[in-house]
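Peer 1: Residues per chain, in single letters:
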Amino acid sequence: MFSRPEQKGENGTNERLDFAVLSRRTSRETMSVELILTVVVLTNLRLLGASRLGACIRTVGLQGLLLGLLPLATGGRLTTLHVVVLAVGSMVLKGFVFPRLLFWALREAHVTREVEPFIGYTGSLLIGGFMLGGAVWLGDRLVIGGTTDLSWVVAVAMFSILTGLFLIVARKRAIHQVLGFLVMENGIYIFGIGAIPGIPLLVELGLLLDIFVAVFVMGIAVYHINREFDHMETDKLDVLRG
Amino acid sequence: MNSYLMIWLLLIVPVAAACLAVLQKSARVALRIALVGVGIELCLGLAIAKRVFSSGAATAGAEWLRLDALGAYNLVVMLVVYFLSSVYALFYFGREIDAGKLVANRARMFAGLWCGALGAMTLVFVSNNLGIMWVGIEATTLLTAPLISVHVTRESLEAMWKYILICSVGVAFAFMGTLLVAAGARSMGIESEHILFWTELCRNASVLDPAFVKAGFVFLLVGYGTKAGLAPMHNWLPDAHSQAPTPVSAIFSGFMLNAALYCVMRYVPVVESVPGLKGWSSSLLILLGIVSILVAAVFILSQHDLKRLLAYHSVEHMGIITLGLGLGGLGTFAALFHTLNHSLCKTVAFFTAGRLGQACGTHNMSRLSGSMRLSIVWGGGLFCSILVLIGIAPFAIFMSEFQILKAAADNQAIVVAALFLVGCGIVFVGALGHAMPLAWGDPGDARLALPARRAEAAIVFLPLAALLVLGLWMPASFKHALAAAADVIKQAGAVPADSMFSIAR
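As given, the protein sequences belong to chains A and B, one line each in that order.
In short: position in the first sequence from 1, add 2, done, that's our numbering.
In short: position in the second sequence from 1, add 2, done, that's our numbering.
With the rest of the complex left out, here is chain A:
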């Protein structure tokens, strides 16, 4: 994922090419990465506590933009075309295209507020706190490449995945579930960027394309559901059972 440094790592292997090695060298990079990841955690918490759908869409857009910056921040001076393509692609898609698409669906659906979710906002935030604690614990335990330098990356990735899953099951609006899916994908993206340097560009572009089409198809589905049912609450999609 990142361009490989020419010189070997400190313990003689050039296998650990992740930014943990790099970040030990330049504290500025470490700081920018940690800043981005911390803001990602804050956006997740905001998503758990916010009731207005418009605010949620904007928050996910902001998160997408930040994640686009992540490879640039970790790449530092070793930025290559590969990293730039990935960064620009994901920023444009997640920061601008997705929010626009979802706002379009929202406008068609004439709704702005989540109606009485399965779990209230205070409760969601409380659960979010527990999930964050669990993610940090998991990040400390999961040792990648023989070091614990990556524990914060793994923790944030896990927290994002858990937040996404939680949003999918605890909210009723179809749009909220799309947002949950996006947050979960963001978590996987953080894990991929941070922990595994070897994923080739082609796979990542495929992943990005797939997410794009997924959100596109889901947006269309939300539109149709709204038109057919005059609502977009997924708990009322209960004709098919058994």
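It should be emphasised that the hints constitute simulated quantities derived from the structure, not laboratory data.
Predicted, not measured: the structure shown is a model, and the values here were computed from it.
Every residue gets a Cβ at the ideal spot worked out from N, C-alpha and C, and that includes glycine.
A couple of the hints might just be wrong.
Which bits of chain B does chain A cover? Going by a derived footprint, with three or more residues having C-beta under 8 angstroms, they are [as the list claims (entries may be wrong)]:
1. 123 to 135
2. 151 to 162
3. 167 to 175
Computed, partial: chain B to chain A, Cβ under 8 angstroms [claimed, not checked]:
4. Glu140
5. Ala141
6. Leu144
7. Ala147
8. Pro148
9. Met178
10. Leu181
11. Ala185
12. Leu198
13. Asp241
Fit chain B to the known structure of chain A by using the hints.
Peer 2: Same frame as chain A, now just chain B:
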């Protein structure tokens, strides 16, 4: 033509057909183009499969694309099912176009996505990079989702929403699993571009980090298992299968599930050769297989909708294939054999059920009773295919299930064998209870006889005849191909393919 070119053509033909079909004005022409595209793909697939079975794996694009015996076998099964379904779709949608139930642009959309989904599934089988394989699976989810609501109704939208959300999340789990395996492969010491190459992972399995591979395989099994419809991740499946137009249901059940299971098959030899993990993945697979069989058996008993009944049969058969895969040895061989049997039979079952449903305007079994009097092709075909599905001797499904039972006995897994038999027994009784009135019940009101074209009778009865022949006699070349495919999933070496056939007779 060299195999390098053929692999690329396999990917190009569906995309070209999709583009051509979308550009047509007439709905019928679009459907015909889809059929021709699938036909060309079938010829290509057969030609390259013959080459792969005789002279080993073919590669293209700097090893990014690779077709070995396992991939080729699955590819051929898929293309046969796809071709049959395309022929059926031509007649099925032709009638709807005549009745004014299908407008031209929906038909065009169907034809385009139909070919696109074929391309995505082909990509799954020819990619050597496990990341690209994942991209193919996710692409099939996205391309087939709109196919469920070709007719926009409340039920079809609900089914589509469940399908796309559950499968997307599930397949995202599979990507997490792929990443974890990649993290465990960092010790391989090869160039990072090649880290997810299946060939490299197999070659270097002994130096993979067991903890990561273990975590990764759990994610992969849950992720791809969701797409394959294994219980307890199967909730989307009955809805999607019952609401989609019948040709789409046939492809869903007949092959899309197998494509996801194929991805699991790819990982099994890697995980099994990681030190300390021998037998670990097998026990997970056996557990998941048994759970799927039993859950499906319970739900089959209480079904009223014909297509939902068939959908739960899919859950059961996916469970059986997973079980065979987990048992290893003879079980792997039987699981692959079962893949073909189930795909052919389930496709025919959906064809007949779909036609009856189209004529009567319902899939409710009590209102479809006495279907044999309606039409011997559709009603009789449906009854026969249900009989084959539940494992009547001497059809091929009976043979493959028997081999799996024998594999369980070979492994001294008595509890597994007993649970398998209980599950199959419940399904047998339950489905027979549904099938008898469906064939001979009282039709209630007098209805018009349902004519069938000769081509339609052929796509119903030829696959059933093939299953009968395969149950009684397996051609040597086919046995060779199956054994080669099973050898790719390395556990197969334990029992030679010949011996069990003599015992099974």
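Peer 1: Hint by hint, say whether it matches the structure.
Peer 2: Taking the hints in turn, this is what the structure says about them:
no. : hint       : verdict
1   : 123 to 135 : holds (count 3)
2   : 151 to 162 : holds (count 9)
3   : 167 to 175 : holds (count 4)
4   : Glu140     : holds (4 angstroms)
5   : Ala141     : holds (6 angstroms)
6   : Leu144     : holds (5 angstroms)
7   : Ala147     : holds (5 angstroms)
8   : Pro148     : holds (7 angstroms)
9   : Met178     : holds (5 angstroms)
10  : Leu181     : holds (5 angstroms)
11  : Ala185     : holds (5 angstroms)
12  : Leu198     : holds (7 angstroms)
13  : Asp241     : holds (4 angstroms)
Taken one by one, the earlier hints all hold for this structure without exception.
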